[in-house]
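Engineer: This is what each chain is made of:
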Amino acid sequence: MKTMMSIISSALCRMTGRNAGAQSVPELLSDLSEYVSLTSPPAPPALAQTQKQPENPAPVSARGSTEQLASVQTDQPERPERAARVVVARSFTDFTPQMTFDIKKCDLHRLEEGPPLKAELTREQGLQYYRTMQTVRRMELKADQLYKQKIIRGFCHLYDGQEACAAGIEAAINLSDHLITAYRAHGYTYTRGVSVKEILAELTGRKGGVAKGKGGSMHMYAPHFYGGNGIVGAQVPLGAGIALACRYQGNNQLCVTLYGDGAANQGQIFETFNMAALWKLPCIFICENNKYGMGTSVERAAASTDYYKRGDFIPGLRVDGMDVLCVREAAKFAADHCRAGKGPIVMELQTYRYHGHSMSDPGVSYRTREEIQEVRSKSDPISMLKERMLANNMASAEEFKEIDIAIRKEVEEAAQFATSDPEPPLDELCNHIFHNEPPLEVRGTNPWSKLKSVS
Amino acid sequence: MASSLRSFLRTGKNVVLVLGRRSFHRSSPAAAQVTVRDALNQAMDEELERDERVFLMGEEVAQYDGAYKVSRGLWKKYGDKRIIDTPISEMGFAGIAVGSAMAGLRPICEFMTFNFSMQAIDQVINSAAKTYYMSAGLQAVPIVFREPNGASAGVAAQHSQCFAAWYAHCPGLKVVSPWNSEDARGLLKSAIRDDNPVVFLENELMYGVPFEMSEESQSKDFTIPIGKAKVERQGSHVTLVSHSRFVGHCLDAAAVLAKEGIECEVINLRTIRPMDVDSIEASVMKTNHLVTVEGGWPQFGVGAEICARVMEGPAFNYLDAPVTRVTGVDIPMPYAKTLEEHSLPQVKDIIFSVKKTLNV
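Those sequence lines, one after another, are chains A and B. The numbering of the first sequence is the UniProt record's numbering, which starts it at 1 and goes up by one. The numbering of the second sequence is the UniProt record's numbering, which starts it at 1 and goes up by one.
Worth flagging that the hints you see were computed from the coordinates, not collected in a lab. Treat the hints with care, as some may be off.
[Unchecked claim] Okay, derived cross-link-like pairs now, SDA-like style, lysine to any residue, Cα gap no bigger than 20 angstroms in a straight line:
1. K259(B) - I351(B)
2. K342(A) - K81(B)
3. K150(A) - Q416(A)
4. K69(B) - D80(B)
5. K150(A) - P362(A)
6. K342(A) - D80(B)
7. K228(B) - R443(A)
8. K450(A) - A308(B)
9. K228(B) - E437(A)
[Claimed, not checked] Label pairs and their in silico Cβ distance ranges:
10. H435(A) - D80(B): 55 to 65 angstroms
11. K220(B) - E441(A): 55 to 65 angstroms
12. H435(A) - Q346(B): 39 to 49 angstroms
13. R367(A) - Q63(B): 44 to 54 angstroms
14. Q63(B) - E423(A): 32 to 42 angstroms
[Unchecked claim] Beyond 10 angstroms from chain B on every Cβ pair, some chain A residues (computed):
15. Q145
16. T272
17. T296
18. I405
We put the beta carbon where it would ideally sit given N, CA and C, even for glycine.
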């Protein structure tokens, strides 16, 4: 059964151009129905009703299958007309299935040519990017809320405003590639495959969190995602090391290594640039320039704010980080560069964060509210994508609204879980000191307190 | 003659290199004289051969054959992919090594000496040691940091610090300190096979010292468990606990004291963290007296930790005198030869301390 499923799902991937195959039967059925609705005349409403729905609406995969959209219908039985219309609407041929958009040209450093000036966007991709970015947005705003209620404590660095970076990068690479970032990591934790539930529960320090509540905001991990790192700049050499492992193992994978405009002045980053270039490591260094390193604007911190040129001998490009398509095309270009064995490449994403540096920073002592408002109204990544799609009839306003509602629900349920799940039990305290080790004794706070640690 | 030769050897003069030079790619004879350097070299050679994922990176490890020649011949045998010369960027390449360990490789990272590890200590502690805990078991970091630690000869203050206490302070790290060739070989193999970050404290003055190695200790799968001390000499009057080079000093002191009827039990810690307190306690409960010997500074050091642990455990009730610590002098290391000699424990200091502890 499983082999059959993987055969069918990989066939579907090849046909539809998706990266990740269905993980379960419900997903497979939903993929199949999507394929059917793409390639055939409008399906009768009956098809929608007979689709199997999973118990939990949130899939692990960040690829956001159409289950989420479909699952809304079962929760709103009192509006079958609307439900049926939305499902059937997907198969209407009057939505534009694909459009080509002009995107901003990237500034280039040591490169003859850059990413293309046009990006293709299918309806499915658009909805998927929207869903990803909106989920990250709502998740971060929920974290803000929980922090103000003192349910989340300590550090909480929010990513709202920068969603296009995470969504665009993930759209350009494979799940088998690697990614590492700094402490503003919740968005990437999500795009790398951890559920909102596990992220929020980690923030609230509960045992259902991705690191069982022991890591917190800055220390979340997933396969091929190495956090979440608290020491500014330390993740950059780590990322190059991961790239070295990729090249060593000959698996054609690469590592995306992110850092901020503040970290860009760290010495270890230049040490890393040197070695990455010397050894031609398949590493994409990405500087997320959100104009402020904590409270210090880029002009006050850096003698040269051309972060894409700071790699000196490493080619670089400067990208509009508020446009998910721009980010995707640039990241694809960079990935091709690395995979062709040309060595590392630097990308600067010009982006913006709405919140302050962290939850303890109102974010207005070093910048004006007008500036924040202006970016919100003119360059918000989610609005930009939505307007593009609406203007070109790639989706309807109702569809977006349905997606918003579904996401709100998902985030709400995740928050519910994150506030009600118990904290890790005390006997977890000393576990995970060592890997693959027989149980050992750990000294407690006083000599009579002998605690146990298992791997 | 034999004992003066032994003392001559133990001062670590480089003339000793002439002795014990053997080619290391042939099968070893039954028992043999092997220097610590060659033991380390063989251990790395065998582990590189055994596991494709193991590789060595650091300054001068490849074409220079290693700053202290510990990796001699390895680059010629394994090539650029597995023996990597790095630029002088400790923080950078320490991070690269840790990152590669996170992504599935098993690096051996060499900083040249532990003094330079301070440039990179953030990567050792925050990126390597703490990650398995922070990720609640999702991300292991199988890495070995190995290079000389502590004083050498005439290299002055910035190149002579002992880092045993610094690294042993941190949970998530294993800290190992071999003394002789058997220790070096067995512990390095264990360290490389261990799935956790291991700080491997070698000693430059011991590299050229040959020791007799049994046939068993030369076999390819000979490992010494991390976390177990070894009783190098049985005794009944006083326990001497030490690590690295000073184990030799303790044995020399024990030989002198034996002539006066004082039988010292000498314990070679082998591992600093996790420390084998049980072995120390068992010995103290037998001898009732404890003297710790180390090259590092006294404050907050290895000896201080041993004192605290013995006090907290059952062995305290068996002590007939407070524990004595013999340590390096609490100063930066001077250059002039006489001053340098007087900055570190000498055999006579150990003898003096034992007698004071025994009140004889």
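Engineer: Work down the list of hints and note, for each, if the structure agrees.
Structural biologist: Here's how the hints hold up against the structure:
no.	hint	in the structure
1	K259(B) - I351(B)	holds (12 angstroms)
2	K342(A) - K81(B)	holds (18 angstroms)
3	K150(A) - Q416(A)	holds (15 angstroms)
4	K69(B) - D80(B)	holds (17 angstroms)
5	K150(A) - P362(A)	holds (16 angstroms)
6	K342(A) - D80(B)	holds (19 angstroms)
7	K228(B) - R443(A)	holds (18 angstroms)
8	K450(A) - A308(B)	holds (15 angstroms)
9	K228(B) - E437(A)	holds (14 angstroms)
10	H435(A) - D80(B): 55 to 65 angstroms	violated (29 angstroms)
11	K220(B) - E441(A): 55 to 65 angstroms	violated (32 angstroms)
12	H435(A) - Q346(B): 39 to 49 angstroms	holds (41 angstroms)
13	R367(A) - Q63(B): 44 to 54 angstroms	holds (52 angstroms)
14	Q63(B) - E423(A): 32 to 42 angstroms	violated (54 angstroms)
15	Q145	holds (25 angstroms)
16	T272	violated (5 angstroms)
17	T296	holds (21 angstroms)
18	I405	holds (33 angstroms)
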